Each structure stands twice: as structure tokens, then as C-alpha cells.
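Fit chain B to the supplied structure of chain A, relying on the hints for placement.
Keeping their order, the protein sequence lines are chains A and B. When the first sequence is numbered by the numbering used here, its final residue is 555 and no position is left out of the sequence of numbers. When the second sequence is numbered by the numbering used here, its final residue is 555 and no position is left out of the sequence of numbers.
Relax, there's no trap hidden among the hints.
Pairs involving identical chains hold if they fit within one copy or between any two copies, as the list cannot separate such chains.
Derived SDA-like pairs: lysine to any residue, alpha-carbon spacing no greater than 25 Å straight-line:
(1) K522 - D48
(2) K251 - R412
(3) K251 - R336
(4) K522 - N25
(5) K251 - V358
(6) K123 - A377
(7) K215 - D119
(8) K123 - F52
(9) K225 - Y115
(10) K251 - A95
(11) K522 - F52
(12) K482 - W16
(13) K522 - I28
(14) K522 - T38
(15) K123 - G379
(16) K522 - T176
(17) K81 - L151
(18) K123 - T378
(19) K251 - R350
(20) K146 - L59
(21) K251 - G93
(22) K305 - V319
(23) K146 - Y247
(24) K123 - L62
(25) K123 - S41
Hints are computed from structural coordinates only; laboratory data are not their basis. Owing to the predicted nature of the structure, the values given are computational and were not obtained by experimental measurement.
Number of protein chains: 2
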Amino acid sequence: PPKDRTRNWGWLLSGTIFLNVVILGVALVSASTFNSAVISSADLQVFLIILLLLTTLWMLYYQVYTARADHAVLFKDGHAGPVWLRAGLALFGLLSLIMDIFKIANYAGYLHCDSAVKVAFPVVQAVFLFVQTYFMWFHAKDCVQLQRNITRCGLMLTLATNLILWMTAVTEESVHQTDIPDEYDDHNVTKVYSRRAFIARASYGEDDCKCSYSACSIFKEAYYYLYPFNIEYSLFASAMSYVMWKNVGRLVDEPAHHKIRFHIRDVCLGPVLGVVMAVAGLATFVVYEVDLEKEDSGAKKDRAVMMHFVMNLVIVSLMSVSTAVGCAVFRLDHRDLLSGKNPTRSLDVGLLVAASVGQFVISYFTIVAVVATGAQGYLNGLNLAWAFMTIVQLGLQNLFIIEGLHREPHHEPPPITVFSNPYVIQGLGELGSLEDNESENKPSPEPPSHGEHGHAAAASPPPAHPEPEHRHKLTWKRRVLKEVCAFLLMGNIILWIMPAFGARPQFDHGTETEFYKFTMWAAVVNIGLPFGIFYRMHSVASLFEVYLTS
Amino acid sequence: PPKDRTRNWGWLLSGTIFLNVVILGVALVSASTFNSAVISSADLQVFLIILLLLTTLWMLYYQVYTARADHAVLFKDGHAGPVWLRAGLALFGLLSLIMDIFKIANYAGYLHCDSAVKVAFPVVQAVFLFVQTYFMWFHAKDCVQLQRNITRCGLMLTLATNLILWMTAVTEESVHQTDIPDEYDDHNVTKVYSRRAFIARASYGEDDCKCSYSACSIFKEAYYYLYPFNIEYSLFASAMSYVMWKNVGRLVDEPAHHKIRFHIRDVCLGPVLGVVMAVAGLATFVVYEVDLEKEDSGAKKDRAVMMHFVMNLVIVSLMSVSTAVGCAVFRLDHRDLLSGKNPTRSLDVGLLVAASVGQFVISYFTIVAVVATGAQGYLNGLNLAWAFMTIVQLGLQNLFIIEGLHREPHHEPPPITVFSNPYVIQGLGELGSLEDNESENKPSPEPPSHGEHGHAAAASPPPAHPEPEHRHKLTWKRRVLKEVCAFLLMGNIILWIMPAFGARPQFDHGTETEFYKFTMWAAVVNIGLPFGIFYRMHSVASLFEVYLTS
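In isolation and in its complexed conformation, chain A is listed as follows:
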């Protein structure tokens, strides 16, 4: 009992700290956005520096004392901190580090006329990035047992810091993109446009303060390409610190992660089509980026945007069709559902659905804007179709992945070679189930159905005869599922690459920008898109898991 009580206090205390730090952060960020005269961005950065230093100190303390003590970390959660998440964190951390170095170099040129805090902040952030990436790489799987309350509070502080950093970055970018120079007419709202606006803002309106050396403008240009990675980094670190917080004090019951072999040779159609689609997507993406870079006439740009829209529409439609096939197979498939609680799986599903909201919001905003303005022109029509198909694809894919994650993994049926007596073959079903009983985590024929034995009679009754014929069907279904998974995996990779490497078709034509005004639309895209990118990466990992278990 005293242990339980301590856990409760630790949860409540860390939750209170989290709530207070985050809400104070929200208030400060809002204040510096809406009243930059009184609370300047330097004031906000002082607050951030304090937060970053506190979090860094705690992480160092954890690594030097807590993690090294005996009995501190007895268990590792095999599901937490998977390699794709840690690799992504390291990659985005590296790119954020480069961004910070550019920032330091740039603001050093303004030291004679601007606050020194603007240099101090990226320096502190660089140290923080380094320490946090190291910390999360090596300790993401820890189930801490010692000093649990301090660890809980520290992890919640880490989570709060990352969320505030994310919020600051998103707000800053939305504000940067807001000040549109007047000389451009509304029709030409292109990507180059907002990039130029961004650079104009970062140089303090060009008159008040001059950079003391000439390389400044190059540094500024680099921001534009690097800040999305910094936003991603904060999201990744937030997810990982939340999982670590959930794992504090947890005793993992299955230390041996069930090993499932990965055969790529089982399938061929899915991966081949997927790779073809990804390569085609990559090719058009490169052409699109190059064409938009050139700052040529409107007609050529429109053609590039159209090509990008068509390609995306095709990709999303093909993925929708294959996901629908996969969902139908799941409906036919009578595998047992996984029973029992699994916090990591619940978190996986929660993160998947929450991250998909970002893309949902962007698509619905597009649909409303295009429909309301009458969808004139082929670009608007394509945009509308793309947004609609994206919604369909996201919904189906969420269904497919969640269904897949909740199924018992398939077990190789014992090879039927020995018997020739027809009477024995009759009994094969029972034998199979007998042999199954020896395997490690058998699917129980009647899993505890969570107190649902009530009167809800069978919308889909279980198959009457689990015969050899049925076993053959299963293999057919498994193959379709694996093909679908492989195809979707490649589709999600290409849909991740495009926005992550700078495609912003949302700003390439003016319908939404004119409809919602620039500020509102920039805010929606800047908040929604990083979640969308996170969603694609997360889907890839989840689809890989579904591939392995089906």
C-alpha cells in the first residue's frame, strides 16, 4: 500500500507541474504573439532558456546518478522507443543542431543592435538537443524503479519543455508567414512568396539593423528548409518522454519479445507496385520542386502544381482501394483478437489517431474552401478530389492498422506430411489445436471476452467447420494482407517524403489562402502538417508490425 500511495502522489505532482508549465508557456507565447510590444520574443526566450537548462540538468542528473544506481532499471520495455523513432529523433536532432548553428552565426551579426539573448537561446538549445538525443537514445526503454517521483516530475518537465518548444516554433513560423509584402498581387501566392516573406521578416525589415557581415542572407535561407525538422524533433521527443513517464515503475511481464521472422519472399505484387509508385512519386516531386524553384511564369508553375496534384491523387486512390481490400479481408478473417491490456499498444493506437487529426483538418478546410468558392478551374477540382480521397484513405488506413494491431499473430501450422490414413486426417483439426497448446503464446480458443457474454447475439457467427479447407483459405487471406501492408508501407513512405522535404502545395495556389486569409491558413497548415508527417512515419512502423503478425 505505501508504494501505491507514493505512485499516486508522484503522478499527481508531475501532472500538476506539467499543467502549470505548459499553460504558463501558452500564455507567454500568446502574449508575445498578440502584444510583441510589451513581451518581446527575447522575454519569451529567457523563459525558454530557464526551462531548457532545468530539463538539461535533470537529464544529466538522471544519467549520472539514477540510471547507474543498482536496481534503478531492472526492466526494459521492448515496445517503447522502437528503432524508427530513435533513428528519426537522431536525424531530426542533427538537422535542428545545424539550424541552431546557423541561428547563432546569423544573430552574432546583429549583436551590435539586438539583444544577446537571441544568441544565447540557440546555444542553450543546441546543448539541450545534444543531451536529450543522447538521453532518449539510451534510456527510452527504461522502466525506472528508483527515485520514481523525481523521475516522473523530470519526465513531465521534459514533455512540457518539448511541447512549448514545438508551440513556439509553430507560432513563430505562422507569424513569419503572415507579413506579406503588398507589392504582390493575390493571384501569385506561391511558395517562393512565403519564403521571401519569411526572409524579409527575419532581417528586421532591412532598415533598423544591418547584419555586420555578408553571409547572413544564406543563413536565413537555411532556416526555411530546416525549421520543419525542428518541429518534428519536438513532437518525437514529446512522444518518447510520455512513453517513458508511463513506464516509470512498471514491471514488464513479457521480457522476451516474441520473435517473428521477416520473409519478404512471401509477397511480390504489393512491394513491386509500391516501389514503382514510390519511384514515380519521387520523380514527379523532384520535377515539381525544380519547376517551382525557377520562379518562372505562372503557366509553367500551374503545370507543375497540377502534376503534383494528379500524382498525389493517384497515390492516395490506389492506397484507398488496397486498404479497402485489406479491411474486407479482416472482416472475413476469423482470427482471435488479442485479449489483455497492453499500454504500449493503446498508446500506439492513440498516437496514430491523434496524429491523423492534423491531416483530416487540413483536408476538410480545403474541401470547405473549394466547395464554397465553386471549385472553378482544373486545379481546384484536383485539389478537391485529392482532399476527399485523403480523408477516405486516412479513415480506411486507421481502421486497417487498428484492426491489424489487435489480432493474434499467425502461427505456422504444423506441416501435414506424416499421415495417410483418412480416419486420422479427420482428426487433424484437434491435433492441430493440441500442438498449438505447446507453443508459447497460444491463441486461446475462447479468450475472456471482457464480460460480454450478454445477449448481443452474433452479428457474424464463428465459422462452423474449421476444416483443412479453411486452413487453405487462411493462407490466401494472409497473403493478401501481407501484399496490402507492403503496398501501403511504400505509399506512406512517399507521402512522408513529399511534405517532409518541402512540398507545400497548400500555398501553391490561392484558393484557401484567399478564403481563410493568410494568417488562419498558415496556422492550420503549420500545426496540421507536422502531425501529418508524424502520422506517415508512425503508419510505416505500425504497418510493418501488422505485416509481421499477419
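Chain B alone, transformed into the frame defined by chain A:
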């Protein structure tokens, strides 16, 4: 297994419907706010009418068919839909109905020059309000067993509809309060002010369209007083439909709710002080409202506002002190924690913390604004102190309530009268535990500690000797806890009454309004305050439960 699978599909399908309807609603509300030229409020209302009709039809279907079928509702969840929630829903529903009648009467006067949808919407909403209040009053405790997937989808549709209605109301009010007439100078930003702005807007700028009869202005004035209740109503209905959704298909294991008697005579200091405080608060609140109504000179208004601030500061400070005492007693109290999952309790705690975020945000925004502008004048100083103490009080009260809800209820110790033999008294402890075993839900001496037997050695070791002396101490502790609960209960009631009946000190002096600009501040207050009001009502109910179990 097929039943389990159906549940999963039902969840996913209803979740998908919810997500899509809500996000479409967000997009439409944003569009009609940011671009009212293309998407007028009439367009939005057509969408709302469709949603309301669908939801109403489903609720009627449920009441006529599903709820009447045999075996449809075998169990009732005793914790769901408590009487305070249903009574609140009925009260707010009634007031919303009156608001709708006023709206119908008002817009009927504009029929010759405005869309008929503006009359149709309140008519449909009135029908919806009636049906939904009836539905929730009688079916809030249902654990539906028949047609579970349809019921899940219907409940998620209900939740989505209520959330969109809430969003629309909040946005409308923020927009109404945005258009401030220019003739007022910035110093006089008072409540009367925003009320006048609201009425000005509701009459279409006075020139375009004239009401065909003279009573219109009275109807419009009534909006101002009634719309907060409508916002509350939507929040209440959302919470209840979410609980119903969670309960679909659930088999409640404890049908007999453990009856605990309510003795008010156990305590005296807490309730008496609480009532005195509530009456004092009520008196100053009435004086404040009357003084602000008068539209007199600035000095008198400032005095009324100051009085309101002082009273609130005193209430919140007293509550903080008593909550701190209560938390300290909980730390000393070594009662067992409740083990086992209880979805209603988890939801209670979640709603409590989530609702408190609204007040947290308002307070932090106030603190940032006042500190940044230097906190000049006694009004600003008082406002700052009030905001700070509110944060302290909210944090402590959340701790106290969550701790209290997770404790095993106390059991009356068997009266010690029969034995006089000293050897027998030695054995009393064991006898007590023997007798306890006969009671219905005994506190297990070693509850399953959720796999936490690890090496986290005892921050607070259990008491070594559970002697009669200790039993006496428990009684002393229980009394303190009950006094604290009773006092906090009265405090929360008065803190509920003030904002629910129209106190808006946030707009009574200009610091925040000038700092954040009117739009931003109105949005923060209009979103945060209904949650704050909900929080106070919810706290009263939870404190009553804590009172009973301690």
C-alpha cells in the same frame, strides 16, 4: 470472439463518424467566422439543422425501439448520470429553450429581410433540446446490450452535435464581443460595454434591416443573460453522451451500490464557516451586480469591482488553506487505496482535471498580462493576487479530490463494550479484521499492487502498530477531512454562482483587454469560463462523495 470483433468495429466506426463530423464542423465554423461573405451563418445553420434532425431522429428511434426491446438494457451503471448532472442538464435545457423562444420571436420580426433559416434553426434546436433532455434524463445510466454498433454510432453523433453546437455558441459570442464601437475610449471597457456591443451586432447594424415590431430589443437583451446556460448545456450533454458511449455493452459487476449514510451532525465548524462565507460572497456579488448595472461614474464602478476582487481573494485563500490541511491529513492517513479499475472513476478524474484547465488558462493569462504591464494600481494588484491564489487553490483541490476518490471508504469499527479481560483486548485487532471480513466490500489488507513489488523501498513506511490509540487518531483525521470537505463544498458553490449568474470581472477593467486585444481575450474567457463553471459543479459532486467515504 465474434462479439469482441463486433465491438472493435463498432468503436472504430463510431470514432470515425465522430472525427469526421467534428472536423467538418470545425472547418465550417472557422470558414463562417473568417469569411462570412462566402459562408454565411445561415449556411452554417443549415448544416446544424441537418445534424440536429439526424440526432433527434436517432434518439427517438432509440427510445421507441431499442430501449423497449427485451434484454436491451439489462444493467444500469450506478455511477453514470448522477442526479446533479441530470438536474443541471434539465435546468440549463429549460433556460436554453427560453433562449430559443426569444430567438424565434426576434428573428420572426426580421423575416421580411433575412433568411428564414434563422427562424428554422431555433425551432429545430428547441425540439432537439426537448428530446435530448428527456432522453438523457431517463437513459443516462443505460448499459445498452442490443444493437450496440448502431447505438455507439448514434451516441458519437450526439456527442459531435453537442460539441459543434458548443463551438458555434462560443465562436458567435466571441465575434459578437469583438465589434467594439469606436466612440468609447479604451479605459472604460466594462461589462455594460460588451453587452451593448452584442446588442448592436444582433440588430444587423441598425440600418440594413428593421425589426417589424418594437419588442425586439427586449428579446435581444435576454440573449446576453441566457447564452452562458446554453453553452453549459452543451458541455453537460457532451459529458453524458460520452459516458453512455463508454457504457454501451458493459456488464456492471456491482449492481448494488454500496450505501453510505450521510451524517451532517459529525461536523460543525466546516459547514458553518462555509455557509457564512457563501452568504458573504452572495451579498457582495449582489451589490457588485447592482452597482455595475447602474452605469454610473467610474469611481463607484471601480469600488464595486474592487469589492468583488477582495471577496474572491478571501474565499480562494481560505479554501487553499483548508485544502492544504486536508492534503496533509491524507499524507498522514494510511488508509488503503482502492484497487481495481473503475471506468467511471477514471472519467470523473479526467473530467475534473480537463475542466480545471479552463480556469488555469484564464488565470495564467491574467498573471502574464498584469506582470508584463507592471501591476500598477490596487485593482491590478488584487487581480494578480486573485489569479495566483486561484491557481494554488485549483492545484490543491485537484490533489485533494483525486486522493479522496482513490481511498477505500471508512468502515465503522465494531463498538468495544463487551470485553474486560486485558488478554482479550490484546487480540482486538484481529477480531476487528475478522468482523470486517463479513462486511460486503472489505478493504483487503494487501491489495494487489499492480505488479509493483519491485525495489522501490518505502518512501513512507506503513504504521508499525495498529493499536487502539491509532484508531482514535483515525477518528480525529476523519473529522478533519469531513470538515474540510464541507467547507470546500460551500466554497465551490459560491464560486459557481458568481460566474454562472453573470459576473465577468475579466471585462470589468481594461488590463487584459488592452494587453491581448479584445478578440483574443474574449475568446480565452468565453472558452475557459464555461469549463470553469462546469469544474465547480463537478467539484461539488466529487467533494460530496469524498465527504461520504472519509
